[in-house]
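Taken in order, the sequence shown gives residues -22 to -1, 1 to 331; the numbers are from mature numbering (1 follows the signal peptide of the UniProt record, and there is no 0).
This list has only true hints and no planted wrong ones.
Each computed DSS-like pair below joins lysine-lysine, with the alpha-carbon atoms no more than 25 Å apart:
(1) K101 - K192
(2) K111 - K130
(3) K48 - K306
(4) K111 - K145
(5) K101 - K113
(6) K113 - K130
(7) K113 - K145
(8) K192 - K113
(9) K250 - K297
(10) K306 - K250
Ranges between beta-carbon positions, derived for each pair:
(11) L28 - Q79: 16 to 24 Å
(12) S118 - D7: 35 to 43 Å
(13) S237 - S142: 38 to 46 Å
(14) Y208 - E30: 34 to 42 Å
Because the hints were derived from the structure by calculation, they are not lab data. Where a beta carbon is used, it is the ideal one built from N, C-alpha and C, also for glycine.
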Amino acid sequence: MMDITQLLFLFISAIAIKCCYSYSDETYDQLVQGINYCTVTSCIDHGLTLGELPDSCQLSLCINDLITSKLQIHTIFQPNKHNNDRLPGMTGFTAVNHINQEIIVAFRGSTKLIDWLTDSIAKPVPYSPILSKYKECGDSCLVHLGFYSALKNSFRVIRESVVSLRKTYPDYRLFITGHSMGAVFAILAGIEFQLSGYDPLIISYGLPKFGNMKMCEWIDEIFDTENVSYMIEANQLPQSGYITVIHRGDYVPYLPFGSLYSSAGANFFIYKKHLPHEKHDVVFQGSNLYNIKNDIDQLDQNEIDYIRSVSTSFDILHKYEHGRYFDKVTQSPQCPANVNRNDGNEEMERDYS
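Make a model of the complete structure from these sequences and hints.
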């Protein structure tokens, strides 16, 4: 009899089927650049300061030109350290990339992700944009309480920084990104900027579910995800819109379990476990994948009960895969970064075909 990890892997393999959509090399490079910004957020607790990299951070992760491209850090935001740990907040930075002509907002994930997904702050609450004068989602839209509270606690400083940078660089596009819990913050903040007329590009990596289907349908509407998907399939490079990247072996994007929460965006799937993740390892599967995230309920009840009973174990949820999106996203900042973009596990290489 197969154990629950094997069952869950086979289930995900069955519902995430490869397709033949093509996309441009420039789009692939854009996916990699987004995760590069995410990796720099891990330096925030290790001496990252304002200014141009590598001068503002001497860690090996920040010195690598492949990641930073002379990234200029403008604002660093963190939760108030004097607050109770139960009070959510966001960690990340705003920056400018003059080479790519981008204003960047990057959000860091959290080691407390599982707590956020399983305890009382995971309950759904009615959603309304913070900037309420703009288009409402509607009374039936629900959002994860913890993520929504974090946005309310931290959005003001993020918005002020972006407004200031846009005044200085009016022709630069807004690029918002995040990994894991930071990916949810990226889309929630991105909604606010989209409704404010900034037309951001949002790329999220390994994000858990955060809103009900009604909210996710509304997100796809305001970001015109169908048209973004069409552009990607036509080998065009989207300059705005909402894109998600999911590692096939990463179970976090399927949390919280059940049909209440869903997902949105134009979806890419990584089909290789170990690094490097080259273009041929990454498949575009388009939009309208709401039900893929909800079909966990098709397992029999004994399987569902067991999964829920062990869902607080990050190992069960494939922590290794969750930290591998084109790079070692959760690596220690002190370690050499991106030498050859490989785990050194060639003998263990395995895809999810």
